[in-house]
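Enquirer: Read off the chains here:
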Amino acid sequence: MARHGKPGRTFLICSLLCIAVAAAVLIYPLYVIRPFRPQAPRGLMAALAILRYRPWVMIVCFLGSLAAAIWYWGRETRVLRRVGAAIAVIAVAAMAVLSRVNVYEMMFHPFDRPSFSSADRSKLNGDEKVIAIGIGREARAYPIRIISYHHVINDLVDGVPIVATY
Amino acid sequence: MWRAEIEGLRLKFHLAGINNQNFLMRDEETGTYWQQISGAAISGPLAGRHLTLVPSDELTFALWKGEKPGGTVLDDLAPFVSRYAPKDWDVRMRQAPTVLSYPENGIAQRDLMLGIEASGASRAFPYDSVLKDKLIEDHVGPEPVILVVGPDDQSVRVFERRIPGVSEIPEFYRVSPTLFMDDATGSGWNFQGCAESGKSQGKCLARVEVIKDYWFDWRHYHPATTVYRR
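Heads up: the sequence lines are chains A and B, in that order. Going left to right, the first sequence walks through residues 498 to 663 as the numbering used here numbers them. Going left to right, the second sequence walks through residues -3 to 226 as the numbering used here numbers them.
Think of the hints as simulated: they come from the structure by calculation, not from any bench. Each hint should be verified, as a subset may be incorrect.
[To be verified] What the simulated footprint calls covered on chain B by chain A, stretch by stretch (three residues with Cβ under 8 Å from a Cβ of chain A suffice, anywhere in the stretch; the number is not a length):
1. 6 to 19
2. 30 to 42
3. 93 to 107
4. 158 to 169
5. 173 to 183
[Stated by the list, open to error] Derived pair list, reagent style DSSO-like, types lysine-lysine, alpha-carbon separation capped at 30 Å:
6. Lys195/B - Lys83/B
7. Lys64/B - Lys195/B
8. Lys128/B - Lys503/A
9. Lys620/A - Lys64/B
10. Lys208/B - Lys130/B
11. Lys130/B - Lys199/B
12. Lys128/B - Lys208/B
13. Lys195/B - Lys620/A
14. Lys620/A - Lys199/B
15. Lys128/B - Lys83/B
16. Lys208/B - Lys64/B
17. Lys8/B - Lys64/B
[Stated by the list, open to error] Between beta-carbon pairs, the in silico distance windows are:
18. Arg634/A - Gly194/B: 47 to 55 Å
19. Leu96/B - Leu509/A: 29 to 37 Å
20. Asp609/A - Gln197/B: 20 to 28 Å
21. Lys195/B - Val600/A: 55 to 63 Å
Every residue gets a Cβ at the ideal spot worked out from N, C-alpha and C, and that includes glycine.
Between the sequences and the hints, there should be enough to build the whole structure, so can you do that?
Expert: Have a look at this one:
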């Protein structure tokens, strides 16, 4: 039995608001920025803006849902409802964690500090395509079959930071 | 290939998403999102800036090794070798669907093009046509250029069609897979664009950056592009 007014209703509004906002900022960028679908400029810009501010939005949502649950627990004694409040907090936390997962990096594993071998010792076939660059005294070749998989490789060539992309 | 710094700030890039089948990168330092193909910052604190291009060549390994025997080659990253693409990856991709479509000039969306930008103009050369012709003299906007196929019959380089110190615009013609000549100085030029014989011996033609890209992608980022026809 609630001790003060209608804590269930207040909690429900706060909690659902946090869940809805967290879900929206989690799902919208995934929906817009997905392969095999055209990206319209306006939608893409909105999705990227959300991505930039999403960590802070998630923190606010998590703290909001946590505060609501703590407040509710102080006013609600029924176990089932208390568990429900805890689940709501866990749901927001789970969405916050999921929002930190970079699906593209999980798929393609871009990397830093690549290692190189001398051209003489390389076992690469002669007809394999490479992207070749020369900076200062260094000449480097990036086999396309490698960078077309990883897509982004952060490198340092003769002291110059570059990003090898494909 | 881009310089990973802007105005003295060194940047580390992450793979961050996709925009019409072209990857997006995000830098760790400012959280700005960058378009991989153009080097343009499209969202975030550095929006509107452009990364500096690192001049590059797409060559066969044997050709590059012959030119740069002391060079180094990127090693495989062991856990992912089985996932690497076959060497004819870009050709196989011609069958893949696209999300954009520019049905112009009878070009298929995934036809490979060699794209050149010069003096604010852009022009696309069908890769297969270039390989057939071996040597193409053309203009990109007002700039006279020459496209040359290398001795491996696969690699292509582009040069400004101006010989340093010579006022007239020369005509070039191919005499062998490794040599082309000009009619202004009677010099023989190699695939690196440097004269090995004749009056221009020791001189080199200025390189022009070229991007190999699918038609739909080139056309998307260069809406005013013209297309070379044989």
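Enquirer: Which of the listed hints are broken here?
Expert: 4, 5, 6, 8, 13, 14, 18, 19 and 20
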